[in-house]
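Same order as they appear, the protein sequences are chains H and S.
Residues 1 to 443 (the working numbering) make up the first sequence, in order.
Residues 1001 to 1443 (the working numbering) make up the second sequence, in order.
The hints are simulated quantities; they were obtained by calculation from the structure and are not laboratory data.
Just so you know, these numbers come straight off a predicted model, no measurement behind them.
There's no promise every hint is true.
As a list, the in silico DSS-like pairs of lysine-lysine whose alpha-carbon atoms are at most 25 Å apart [claimed, not checked]: (1) H/K351 <-> S/K1218; (2) S/K1334 <-> S/K1430; (3) S/K1294 <-> H/K349; (4) S/K1149 <-> S/K1221; (5) H/K334 <-> H/K430; (6) S/K1221 <-> S/K1294; (7) H/K349 <-> S/K1351; (8) S/K1149 <-> S/K1218; (9) H/K294 <-> H/K351.
Number of protein chains: 2
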Amino acid sequence: MSQITPRPGRIQRAPEGFLSPEQIREVSAGRRDFLRTAFASASMAVAGTSVARAADGDPAILTLPEHSTTLGRPVAERPYGAPSQFEAGLRRRESPGLTRVAGSSVSFSPLQGLFGIITPSGLHFERHHQGWHDIDPARHRLMINGLVKEARVYTMDDLMRLPSVSRIHFIECGANTGMEWGNVAVPTVQYSHGMLSCSEFTGVPLSVLLDDCGIDRKRAKFVLAEGADGSSMTRTISLDRALDDVLVAWGQNGEMLRPENGYPLRLVVPGVQGVSWVKWLRRIEVGDQPWATKDEAVHYIDLMPDGTHRQYTSIQECKSVITTPSGGQTLLDKGFHNITGLAWSGRGKVKRVDVSADGGRNWRTARLETPVLSKALTRFNIDWVWDGSPAILQSRAIDETGYVQPTYAQLRAVRGTRSIYHNNAIQSWKLADSGDVSNVQVF
Amino acid sequence: MSQITPRPGRIQRAPEGFLSPEQIREVSAGRRDFLRTAFASASMAVAGTSVARAADGDPAILTLPEHSTTLGRPVAERPYGAPSQFEAGLRRRESPGLTRVAGSSVSFSPLQGLFGIITPSGLHFERHHQGWHDIDPARHRLMINGLVKEARVYTMDDLMRLPSVSRIHFIECGANTGMEWGNVAVPTVQYSHGMLSCSEFTGVPLSVLLDDCGIDRKRAKFVLAEGADGSSMTRTISLDRALDDVLVAWGQNGEMLRPENGYPLRLVVPGVQGVSWVKWLRRIEVGDQPWATKDEAVHYIDLMPDGTHRQYTSIQECKSVITTPSGGQTLLDKGFHNITGLAWSGRGKVKRVDVSADGGRNWRTARLETPVLSKALTRFNIDWVWDGSPAILQSRAIDETGYVQPTYAQLRAVRGTRSIYHNNAIQSWKLADSGDVSNVQVF
């Protein structure tokens, strides 16, 4: 067997929860010592064909770890699995104080520690208006009424025998990245962009149900979706969209929806802001004009520079963000790093993602992971060698319509500075020579 | 508002865990009465715009359910989410007695209750040889040695800064559907086909690591993958394949691998039987001939009709199965039903799936849900109207190479009847006029 040579400069920043608290303290206290120790133990760990020894003991003692010499735990010990104990730090996090009660607040997805395009359902972001419930599906009903030949009430059993489809789509809250409008650079990508998730949804096309009820095609122009929670959550959707790709969904990532995501039934409105994806869906009304409900007349509106309100916006425009390296992470050494992130567009597929390491002066095109799907997250990766000097990392997405994700200067020229919602500007992460990454706004 | 008319004949069979135990007893005791009650209560439940009342009370009392009038539970109450309490029946299940100890056994995925193509990681099937462990990633190492210029040891941090890719692939145990070789018609699709899952995996291509170590391209012909558990799990993989699409993966469905699936590192060998996807991966050795380890010389071999053993089979041939309706389920009434299932091929994409309701005499082509990906599960759906008479439901997949999934007669003509592994024959579900579905072998 060849000699194993320690290779300094190969330590990567780790996702949250990856290092133990002691190791984080070690890194904080004396980073380079920690690195030397880690590499020394790794390089010393070779004994015969086994490298699986603990890294913290006496490097001279070459023993196999317990898991290589014992019978482990039985199958089905956990009939429903869970993440490793070492991943406990990777969790949804609330931003306390954002709302008066936690039942009407937000928890953010930990994008900095996620891979690929599928969001694990356990880490899907939450935005409730009146808290969440675990509704008995045997008692849940969906009514379709209004401008239809025959109003109908469906049980879950009724719905689940109908023709179903499965599609992968992103969902983004209209208020995602909202704090940045007010120049509040929240510290991590979890808090800046974490009202974003992507799942495979299964359900019956809304068009099938509207056909089943005999929609009045002469008069019908809009539908209203209503949730069963106590918030009177109601949103108007144009009939054209309702008949296009909207689903009445029960499945998410292969299983039934989770209670926090609308179990047993939610609307899936691809490309449109999350508030329209009504959870705990109990009613669809067909009408001839928008309803101007509180969540479309008072909330989820944009205050424009001329003092008018932009209402009934819905499509989430093309946007992207680098998730690693991102705010709060630390590059432990210079050298090669894989830069990775997410891009998406409510108007279709992402065509290209460019990445800059110098605040937008020079751009290189990233690799897009396949499949690249319409109205779904797209994962990008790009090789980068860090020379150890300060840098500003940005990503810029372009969708298949040719729309280019704007800078803050470009977005504000049109939208002003008073909005909360629908911020899709280019995100900047500042990398200091210490390796620390922080959120910074570049105009 | 229109009058709601009760519509008999719309009750769907439900996924496991969907009906409450009382309701299952009601169905068993007097099915038609149960249906009438369910529809009467649904149709009576319309009051104003709300249909969300309990279905079991006095139909004259129209009250909103508690969840429509109260503040629900707060965000981040569960920092890592879980399924609804009503889905507790949907779980991995062991087949007790299959092996001497549960640490070297199997738990099966509940395919009958899953949707789309992504398997929730919590319901991913398990097959361990020496039990599972939750290994500390900070102490885990991967060594690459053998016919390389420089043998190397990688920490998880080393690996995770390298160029990564994300891809969706199925994994199927070579012994999946193994009991059927011996004419044991196990009762449900969970037990007949449930050693099958599909996930989005993220990792570094093995080719990158082999390049990094300077593989000896003149002499190298094979690699050996070794796991860190106590089972000495080792499998030979041809170098061509290793340099093609094999990944050293840490990510599964957006998060780190689960402990039962090899956390923190497993090999992903697209299209190849699960045993080669070595979990808790600690070593890759490069060599010039196969190693003939116990799990390739003694196990995972096929006894052929002429008495010889077929060794080193690896690719999972094209296969499909209807998951609903399937064994153990009951169609509660005739009329329209969505037939759904899964198809896959270790050689590439599924091109077409045909479905028969008369035991293979007549076939209709099913709809394939997009995306259809190479070496990934493909979900198919097809409309069907059941006239109430007995039927035999089958699916037959064809992959992009033109290979057609065989009947049992075709498979046995080549392979005989003494195998356990690599059964990809057409599955038949018998539907009785009672609506009960059971496993039946059709030759």
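Here is what the structure says about each hint:
1. H/K351 <-> S/K1218: violated, 40 Å
2. S/K1334 <-> S/K1430: holds, 15 Å
3. S/K1294 <-> H/K349: violated, 48 Å
4. S/K1149 <-> S/K1221: Within the cut-off at roughly 15 Å; holds.
5. H/K334 <-> H/K430: With Cα atoms ~15 Å apart, H/K334 and H/K430 stay inside 25 Å; holds.
6. S/K1221 <-> S/K1294: With a Cα-Cα distance of about 20 Å, the restraint between S/K1221 and S/K1294 holds, given a limit of 25 Å.
7. H/K349 <-> S/K1351: holds, 24 Å
8. S/K1149 <-> S/K1218: holds, 12 Å
9. H/K294 <-> H/K351: violated, 36 Å
Violated hints, in rising order: 1, 3, 9; the structure is consistent with all others.
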